[in-house]
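Single-letter residue listing:
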Amino acid sequence: MGRHSSANESNLGVLEPTNPSLTTPPFTVKRKRVTLLSMPEHFQTALVLLAVWAVLVGATSLDKGYFLSGQTVIAVGFTMALVGVVAVAEALYGMSGARLDLAIPAELIFSAYVVTVLLAHRWNIFLVVVAALVAGGTWGLITGCIIVFGKVTPIIVTLATNLMGVAILEIAIKSEATMPVKSGLAQWGQGISGGLPNVFWVMAALVATSGFLLPRTRLGQHVIAVGGNPVAAKLRGVSLARTRFGVFIVSGVVVGLGGLLLAASVHSFVPADGSTYLLPGIAASLVAGVSLKGGTGNLWILFLSIGFLSTVPVSMSFFGLSDIWQQVPPGAILIVAVAIEGIRSRRAVR
Amino acid sequence: MALTALLGLGSLTACGSSSGTSATATSVTTTATASSTTTAATASKPFKVCMGTGSATFNWAIGQGQLLQSIAKKEGWSSVVLNNNASATTTLSNVSTFILDKCNAVIEFSNVTSVNPILAQKLAAAHIPTITYDIAQAGWYFVGIDNLKAGIEGGKALGAAIKQKWNCNIDQLLAAENYKVGLVNTERTDGMITGVLDVCPNLKNSVTKFVGNGDISSSLPAARSVMAAHPTWTKMAAVGINDDSVVGTLEAAQQLGRGQDIIGWGQGGDLITGANVNPDLIGSVFYFLEGYPEWTLPLLKDIAAGKPPAMGDSTTNPTVLIPPCLTTKAQASSIPDFGTRLQKMMTVNPGTTENSLYCPAG
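Same order as they appear, the protein sequences are chains C and S. So my numbering is basically just the index in the first sequence, starting at one, shifted up by 1046. So my numbering is basically just the index in the second sequence, starting at one, shifted up by 3.
These are calculated hints, taken from the structure and not from any lab test. Hints may contain errors.
[Stated by the list, open to error] With a straight-line Cα cutoff of 25 Å, these simulated PhoX-like cross-link-like pairs (lysine-lysine) come out:
hint, chain 1, residue 1, chain 2, residue 2
1, S, Lys183, C, Lys1220
2, C, Lys1220, S, Lys347
3, S, Lys212, C, Lys1220
4, S, Lys238, C, Lys1110
5, C, Lys1110, S, Lys212
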């Protein structure tokens, strides 16, 4: 759980040095044994999130006995699906030190639009799925080229590409992109398996897989190393450009998957709809302890933050609070999460 | 001939400059064509009609500009169309361009209502008669839909369906509101509730309102949460400010496995044509927004002739009140999609409205 989740030194500690000259002093990196004490922050984050989520569910259930019904689980599951995918993409960006991907709204709609167009042309569903992922990956590749070759700050690039992307999509889509309602994908997207939405299981599989692979693959380790301390990572022979390209492409593919789920689970959408998922995705990533400064975070904890944040609006509906009020708790939670991250960063510096 | 060409070139340059000025602040949807400008130059008294469209986000807004230019061309007028982009500063900039460009009449779709009094002051100072679509402003000719009638008629139609299907015995009437648009929401969405209650007064205490924001991405999760909080509701009906908010509500029920006993009636007709209509959306009220310029033609002709009509600048005292078109899903299946309708309107004789072409009630 926490091999990649402690301080930067330990992140670098799991790297295999690619340059033999760096294995001699003073560049020798001591491998730290991973103990419970080396990962308290993330462990604590997980416990706190689990506790808060349980309190929310428990408190609502106490007052509204029927809260813990299959209907609530489905409602939360649908919300978790899209927010979760976006949160994974944001977490990858954050861990790599690229801070935030603000282009996700346009990227999401772009992939979803590709899905609706290809389905309207009666493409095979397997090819449509591949096309959605390729669309997202291509977007990530283009973003990566601008950032790496243009040496522009990622947050500025993603802000700009989102503005341009939404405008171009508005021109292309004209008003609304509509999903062929009788397509297999649309039927699947509305479907339930094991008491939860089909789209939820895809998100859960993504979180589980990416959480498993990140600390265990070379790219994953490089992402954490580059995000934590790019200078040190470079000295250890890690290619910053190649790693960042990898992050942008993988993150793009993840958002492409999100576009696929969006198209599958809603009847129609407009370019502006993508922004609906951006802030909850960022909030979930930050609440899970992913640092905006890079190098730390655990994708498995994301599952808890996504679940908690997705339960809040449903819970509030049980108390008859309008949607306007439902924006307040996630905003407050986001502020608290950012404040905690700031405190942690200051402690790490000391 | 040479003089005509020279005048045409001069006029075209003027249009080009105004478009160029605004291009920095706005996206120019379309500008006067060379042919329409040349035609204007040959007319006895050149007339230039200018329009600020709502936003390039909506196809009907783009369609309004295109249809206006088509009409202007047929009438021998020149035309300039700029995109207000739902922005106060862009709309102000566009109006300044219209004044500099010496437009003889201006049509505004300015949905940032706070800026409209300022625009009205500037246009009045420049003595340019102004027409507004759907959003009333003192001193501007009001041309628009009767939103209250659209809401009540849509509600009555849904109420009739509820009565026929369940003898008015449903668990809840769900209303997806969009409070951001103020009076329009009150007239349409609350108008629909009034219409339903007119047929089924027993539902008076069975109405739940939630924020749908006029789009599926907002109305779907909001309705899902509301329905999850009320698992005992099985028979439901949905109303909203537009088709999107109603479809979002219907989809929420379908996702929760409760789609078998819900019906909805939308507004605007955006999601009830074509092959991908939600099975529980049983009807909608069409406005044919893209066709508004055709309703405006008599008014523009009067202004061009120097005989502007008496001012009707409110929804209660409108200059032109466009009748809503009540349409069931079966009837909507014979209404072509937006693109086809717009192309058709470009070719019809002046004075032909989309209501006369497509509305079942004529």
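Okay, the hints, checked on the actual structure:
no. : hint                    : in the structure
1   : S/Lys183 with C/Lys1220 : 23 Å, holds
2   : C/Lys1220 with S/Lys347 : 18 Å, holds
3   : S/Lys212 with C/Lys1220 : 30 Å, violated
4   : S/Lys238 with C/Lys1110 : 22 Å, holds
5   : C/Lys1110 with S/Lys212 : 20 Å, holds
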